[in-house]
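S.K.: Sequence:
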Amino acid sequence: MISKSPLLLLIVFFLHSTLLAQINEGGMPISFITQKHGKTITEKYEVKTFTQPNIEAIEQEDLQEAEKGRPYRVAINVPVNLNLQNSGTWTLLDNGDKIWRLGIKIPAAKALNIYFSTQIDLPVGGKLHAYNQKHSQYVGAYTHLTDQFKAIEMIEGELLTLEYFMPAGSQTLPDFNIESVGYFYRGVGERIEFFTNGRPVDSDRADACEVDVACSEILGWESERDAVVRYTFVTGNSTFLCSGSIINNTAVDCTPYLLSANHCGEPTSSSQIADHTWYFNYQRPTCSIGNTNPYNGAQSQTMQGGILKASSELGTHTTSSSSQLSGSDFVLIELSNTIPTSYNAYYAGWNRTSSGATSGVSIHHPAGDEKKISTFSSTTATATYNSGWAGAHWEVYWDATANGHGVTEGGSSGSPLFNSSKEIIGHLSGGAASCANTSESDLYGKFNKAWSLDGNTINSQLKSWLDPNNTGLTSLAGTYAPCGSTSTTYCTATSATCDEFIRSVTLGGIANTTNCNYYTHYWQNQPIDMAIGLSYMLQVNTAVVGDSIIYFYDGDQLAAWIDWNSDGDFDDAGELALSHTFTTSSSLPRQSIISVPFNATPGETRMRIRITYDTSIDGPISPCGNSEFGEVEDYQINITGTPLSTLSEKESSPLLIYPNPSSGIFNLKINAEGNNIHQISIYNTQGAIIKSINTNNNSTQIDLTELSKGVYFVHLISANEKYIRKIILN
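Going by full-length UniProt numbering, 546 is the number at position 546 of the sequence shown; the sequence numbering is gapless.
Derived by calculation from the structure, the hints in this document are not laboratory data. Each hint should be verified, as a subset may be incorrect.
[To be verified] Each computed DMTMM-like pair below joins lysine to aspartate or glutamate, with the alpha-carbon atoms no more than 25 Å apart:
id : residue 1 : residue 2
1  : K726      : D529
2  : K691      : E706
3  : K463      : E395
4  : K44       : D97
5  : K669      : E604
6  : K722      : E628
7  : K98       : D121
8  : K726      : E706
9  : K98       : D62
10 : K105      : D62
11 : K722      : D253
12 : K463      : E706
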């Protein structure tokens, strides 16, 4: 990010037995396999040693560049000219196969990586690997089936070995030339430490005030977390890192678009994107306050390359000085391949109106570290970045939260700014906020400016790409793969007169306050994530138009339905989520604990909330049809998980169930003061509720002797926690 030293970094990885890096076939290098079977290759191979860059001079340059707001450099790319013809050593194996190996060494490097002069295609049968000196890290195999690539992932240590396998009988050599080697002197983080047996190799981490996305602040923002990636690129002889977000388009077709900041490399052609590397899911699984918990940073997943679609660099609001930005500072890139479904990428929603936000978050990779979340609750203000395009940015001030005071740092550049409806409204350019200056602000390029105002051509605006069918939508919800608009058709419902109405709805992280609109469809604006087997509190407030004293009429009917099986109606058992007929003694808000049944269909479905007048005028309340008075609101529910995926079986859990298995009598106890059991529900494996018990003690006993032998699930709600346990009746 500008004026914050955007950390820009190139790192790509593979673990030994799991496909985690650039999409390739995996597997050990042939030399490893040969040694494993007792046929040690004794022949030495050539190691090319290059001079270590002048670190003192580099650090001085970094300080000067940081003061000017330049990107944060983490590696120097040392020029070389290496290929199979002028370097390395060939070894003939007993069966006629051959391997070529070349060692590349630069003293004191924390890590090395390779850049080729052109995109690489390998011959049929050939396999390319790279590995470190201790053989604790290797990447590949790259084969003829691997998509074209121009870089090899970062390898731990000062010595990197490149190995090419050529099967017996093959006459075709790969045509590649190594043009530079990345010398990493900082910014390698825990991706590298995994291969050094946890030995610290990098002190340049995110500052201690930053908040992990595994902490409680992420609740309600889990989908948006899955949209954020970090990516790396090369400019000149250096390597840098930025953040960005996968973003949805109105065709909802999973086109892998990524939105980020233009100043992250200022690309003007797709050739400048070829060596970009995209990192998905680089995040801690548990909350680490102050970055103190160890983490296997090699678990993230990556892709490489892309196509430039549009940027403010190609627009009409160009810069007049090196301290300014081009327009709203946006870039849109289409990744070179479909994102694997195993990456669980979320295609984030967006809002292109000129409205700011009263609250929201940004999710990003400060200092190239694991994902962090920063929170704001004050209204964004229009701002101008360094005398650039007037009013093209949002100014944001960050809040202290339960686990820190998230801000941004170098490496956060390009990260998305989400409003309270979980829509992108901006992308980070820079600012003065830091852990040392938490009261300062940051500036985000406005999404609505990037939509169509940065320029007049399709390569200078988002509109043509994110609304390919020219629908005119001003906002769009996010989605996971498989993409595609829901095809389920629901009955219509509305009212003729706005009198009593739904004032606010709170559920699963959304709090939606509105005026009366007869019927409103919040399908794309505020999706609600709910996990199978868990329970959520639904709260609904009502009001009367033009009256600040009366909030409902005696006899008003309020109800909510959720289509758990996504069959297009609200008629099935268990789909009535809330029901209340108001009397003079009724109170607000109306509340209902909603438990997502085990047989709920994962994916998108609908919740409908309705208020009508009494039965004498509008008849019994129904999810369908018209009423004389009242209002109807529809919401999108995203059902996630399966019964087994939501099980909590931690040995350290305070919940005890014994004996288990049992012939019918189960004892339940919570060993935590003040955490009494409130509700117990027993489900069968088909997701049907078999039994429900209410209590207010820290221990109780349930009798299931009347049930058939088999597996059941206990869903328990206590004062502080929710638990799901598997029990066996024998």
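S.K.: Which hints from the list above does the structure break, by number from lowest to highest?
M.R.: Hints 5, 6, 9, 11, 12 are the ones this structure does not satisfy, whereas the remaining hints hold.
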